[in-house]
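First to last, the protein sequences are chains P and V. Each residue of the first sequence is one higher than the one before, starting from 1 at the first, in my numbering. Each residue of the second sequence is one higher than the one before, starting from 543 at the first, in my numbering.
Nothing false has been slipped in among the hints.
Coverage of chain P stretches by chain V, computed from C-beta distances (three or more under 8 Å per stretch; other residues unrestricted):
1. 109-116
2. 204-217
3. 227-234
4. 503-515
Note that these hints are calculated values from the structure, not bench results. Quick reminder that beta carbons are idealized off the backbone N, C-alpha and C, glycines included.
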Amino acid sequence: MLTNGERRRWIVGGGLALALMAALVLAAVVPLLVATAGGAEARSATFDTYIWRVTRFTLLQAGLSTLLSVALAIPVTSALARRRRFFGREWLVRLLAVPLGLPQIVATLGLLAVWGRQGLVNEALLAAGAGYPVSIYGLPGILLAHVFFNMPLAARLMLFEVERTPGEYWALAGQLSMRRSAVFRLIEWPAIARVLPGAAGLVFMLCATSFTIVLLIGGGPGATTIEVAIYQALRFDFDPPRAVVLGLFQIVLTGLVLVALKCLGGRAEHGGTSGRAVRRQEPDTALARTADGTAIALGAAFLLAPMAAIAVDGLRADLLRLLGEGAVWRAIGTSLAIAFVAGCLGVLLALVLAAARHAALPLAMRHASARAFCASTGAASSLILLVPPIVLGAGWFVALHGVTDVFALAPVVVVIINAMMALPFVVRVVEPALASHRARTGRLALSLGISGWRRMRLVDWPGLRRPLFVALAFAMALSLGDLGAIALFGGQGTTTLPYLLLQRMGSYRTADASGLALLLAIVCLALMTAGSLGTREEERPW
Amino acid sequence: MRPITLFTAAVLSIAMFAGTARAADKPVLTVYTYDSFTADWGPGPKVKAAFEKTCGCTLEWVGAEDGVALLNRLRLEGQSSKADVVLGLDTNLVAAAKKTGLFAPVDIDRKAIDVPGGFSDPDFVPFDYGYFAVVYDSKTIKNPPKSMKELVDGDPDTKIAIEDPRTSTPGLSLLLWMKKIYGDDAGKAWSKLSRRVLTVSPSWSDAYGLFTKGEVPMVLSYTTSPMYHMMEDHTDRYRAAHFSEGHYMQIEVAGMLKNAAQPKLAEAFLQFMVSPAFQDVIPTTNWMLPAAHMDKPIPTAFEKRVKVEKPLLYDPQTVAEHRKAWIDEWLAAMSK
Numbered sequence: 001m002l003t004n005g006e007r008r009r010w011i012v013g014g015g016l017a018l019a020l021m022a023a024l025v026l027a028a029v030v031p032l033l034v035a036t037a038g039g040a041e042a043r044s045a046t047f048d049t050y051i052w053r054v055t056r057f058t059l060l061q062a063g064l065s066t067l068l069s070v071a072l073a074i075p076v077t078s079a080l081a082r083r084r085r086f087f088g089r090e091w092l093v094r095l096l097a098v099p100l101g102l103p104q105i106v107a108t109l110g111l112l113a114v115w116g117r118q119g120l121v122n123e124a125l126l127a128a129g130a131g132y133p134v135s136i137y138g139l140p141g142i143l144l145a146h147v148f149f150n151m152p153l154a155a156r157l158m159l160f161e162v163e164r165t166p167g168e169y170w171a172l173a174g175q176l177s178m179r180r181s182a183v184f185r186l187i188e189w190p191a192i193a194r195v196l197p198g199a200a201g202l203v204f205m206l207c208a209t210s211f212t213i214v215l216l217i218g219g220g221p222g223a224t225t226i227e228v229a230i231y232q233a234l235r236f237d238f239d240p241p242r243a244v245v246l247g248l249f250q251i252v253l254t255g256l257v258l259v260a261l262k263c264l265g266g267r268a269e270h271g272g273t274s275g276r277a278v279r280r281q282e283p284d285t286a287l288a289r290t291a292d293g294t295a296i297a298l299g300a301a302f303l304l305a306p307m308a309a310i311a312v313d314g315l316r317a318d319l320l321r322l323l324g325e326g327a328v329w330r331a332i333g334t335s336l337a338i339a340f341v342a343g344c345l346g347v348l349l350a351l352v353l354a355a356a357r358h359a360a361l362p363l364a365m366r367h368a369s370a371r372a373f374c375a376s377t378g379a380a381s382s383l384i385l386l387v388p389p390i391v392l393g394a395g396w397f398v399a400l401h402g403v404t405d406v407f408a409l410a411p412v413v414v415v416i417i418n419a420m421m422a423l424p425f426v427v428r429v430v431e432p433a434l435a436s437h438r439a440r441t442g443r444l445a446l447s448l449g450i451s452g453w454r455r456m457r458l459v460d461w462p463g464l465r466r467p468l469f470v471a472l473a474f475a476m477a478l479s480l481g482d483l484g485a486i487a488l489f490g491g492q493g494t495t496t497l498p499y500l501l502l503q504r505m506g507s508y509r510t511a512d513a514s515g516l517a518l519l520l521a522i523v524c525l526a527l528m529t530a531g532s533l534g535t536r537e538e539e540r541p542w
Numbered sequence: 543m544r545p546i547t548l549f550t551a552a553v554l555s556i557a558m559f560a561g562t563a564r565a566a567d568k569p570v571l572t573v574y575t576y577d578s579f580t581a582d583w584g585p586g587p588k589v590k591a592a593f594e595k596t597c598g599c600t601l602e603w604v605g606a607e608d609g610v611a612l613l614n615r616l617r618l619e620g621q622s623s624k625a626d627v628v629l630g631l632d633t634n635l636v637a638a639a640k641k642t643g644l645f646a647p648v649d650i651d652r653k654a655i656d657v658p659g660g661f662s663d664p665d666f667v668p669f670d671y672g673y674f675a676v677v678y679d680s681k682t683i684k685n686p687p688k689s690m691k692e693l694v695d696g697d698p699d700t701k702i703a704i705e706d707p708r709t710s711t712p713g714l715s716l717l718l719w720m721k722k723i724y725g726d727d728a729g730k731a732w733s734k735l736s737r738r739v740l741t742v743s744p745s746w747s748d749a750y751g752l753f754t755k756g757e758v759p760m761v762l763s764y765t766t767s768p769m770y771h772m773m774e775d776h777t778d779r780y781r782a783a784h785f786s787e788g789h790y791m792q793i794e795v796a797g798m799l800k801n802a803a804q805p806k807l808a809e810a811f812l813q814f815m816v817s818p819a820f821q822d823v824i825p826t827t828n829w830m831l832p833a834a835h836m837d838k839p840i841p842t843a844f845e846k847r848v849k850v851e852k853p854l855l856y857d858p859q860t861v862a863e864h865r866k867a868w869i870d871e872w873l874a875a876m877s878k
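Here chain P stands alone, though its shape is the one from the complex (with noise of 0.2 Å):
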């Protein structure tokens, strides 16, 4: 419910926000297009058979990852919802997270000392008698490592969702005595179901995108993705014209993707809450204690091995050195202050987003102007993460150059591609919460004549102000492993650590690597820690 002044701003607002991102990948598109036009060497047709086989592959690893992830993370999720106090929770769900915020390579070194063939998994094999050690290089590898990603991740976004399932539900489904199983069927699992497409299609777009993982597990050229053709085009062959058709044909694949997607999700919302305190009081059985226990121990096992692995290597680093250089520190700054900008600016974006959508949504109803409008504020905080930011960034590198100093703007737009990029993880986070906040104070804040500023701090911030840090500390995370935006400007000035970290592992520091690898992931738990403040004690779920 909002008054037909506010619907109009947050409409228009929105719609800046979309001509602001379309404006941005074009002024990247463009350029480059021009810039090149001719100029390549060497053309080939860009539809050949191998680009044929690459996508067939592509298609394969992507759906099977994403299915193996959301399947997996549907019992985490089930069970962390339901078992609320126990030790190590807060962490264990901070650690989610984590595994987005350390660059492919860190991860897939830390999973391969668990799964690789000197790595935990086949010691104990070997040890209790298995003759063969178990190899993962080929597509099980990769659907190993990119549910290692995107397990949590879709926990993670579905677990938010279920507990921002109203107390009254809880208090009901108390009084009704029902049963685990009825609660899950009646309350859970649409809640699942409403973030279910929406974490599938991000998990599927995370993994068509899959560039390092494939390359370092896929044990050979047959294992390519699009998106290693688009990078491929724009290395050796420096062909942009080639990436950006490839980047475009990447864009409707998987945008197909998601509309079918879509047309699977429920989407029905809670229903109305006085906001009260949840309490879970559904009779607890051994047998269900046991499902649940389960559930969560494979979960963490599975999560915490790898990431124990990396810990143990970064502390055998000269962590004591590392942290008395400065390049360290500046690289830490930097990290943290282009995560920060780039975090806020995307929250800000989703927030936008998220509210033009759901203002436009009534009009969606009799206009189909205002159905499109709605279409497309969801497709562009989706598909933005599909545009390779190699092309952004080189792009815009054209475009800006001769006009400025590139360098001097290198932050800039580091921040600015890290805040697309985030998008649409954030508004996973805070479109569902929007939805729900305005659900339950719009027609109270219409009936009192609270609207405009007064609104938005009286009513509007207190609301969202948790799930709004909870995107922010995922935006941040997410943009601190990025190296894909950093890759072309970085060097003087704009070292992050995982820029850092990379250069160390380029001249045989593999210590220090190790060691900047440990760094980032406390700098990333420590995020998600302060993501979790500002929240009262007895609303906090993690």
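We have chain P; now place chain V onto it with these hints.
Then chain V, alone, in the frame of chain P:
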């Protein structure tokens, strides 16, 4: 951390990027190079200090990810590039670099240059070189392969990590190395070798990371890689295998741009580059071999390096012409 302090921290660190003041009165020579060259432990700081002593100028490094990124950056900038000198392309990239038409002939004394097989080009001056080699972990491998043939035919359970020729220079060089040795049979050899390939990594550092973490006992790297471990980590655990067919070479070169703002300084720098003051720091900072006469003796660890009798190298033009076809051949052989 309270949001407000976080915000202050952010503002402060943004202010930090902005404040890179430079000495205004001296001319500035801008040199584009790859990142590991300019790193604290790389040759960059020493070279800068030594050159600035004599040139009456300020040397400014601008780093790109690697040689390929360096060239692509130039292609994007075109005529308006701020670079005076570009340092860090290799022979595989020279043909493409020439094609940009951005480089100018370099008029310096090349007498001191000494690169096996010789390298002469009017536009480019070599500053170091190295040989690719299979580096192995002597803890796990007692009988390293003595030739490419032994590597190809060896036990499929003993794995090697290689780099991807589509994205990485060492990867491309292995492709050329195999082509030099096997010629038209390279496809078949790759099919055979693929049984031993654990993984094909996007860049050298990924493959080398897998190797030093113990995941794979062999990796494609340089004959000089073990020298780093000897001198910095004090271990001779990692060794390079000597191949009887010869080793593929990488020659790293620098050139100056036609539109250089400081052509005199650029030429002075390239001349300085082939002088002992520059060459002396190369072995222990860039972990490559000097391309010209050194004053200091080469460190003793380097004396123990694998000596290459037969350097192998395609000329830049051949690489440029055949790269795509050879990569397709590789793809077909490896994707089976």
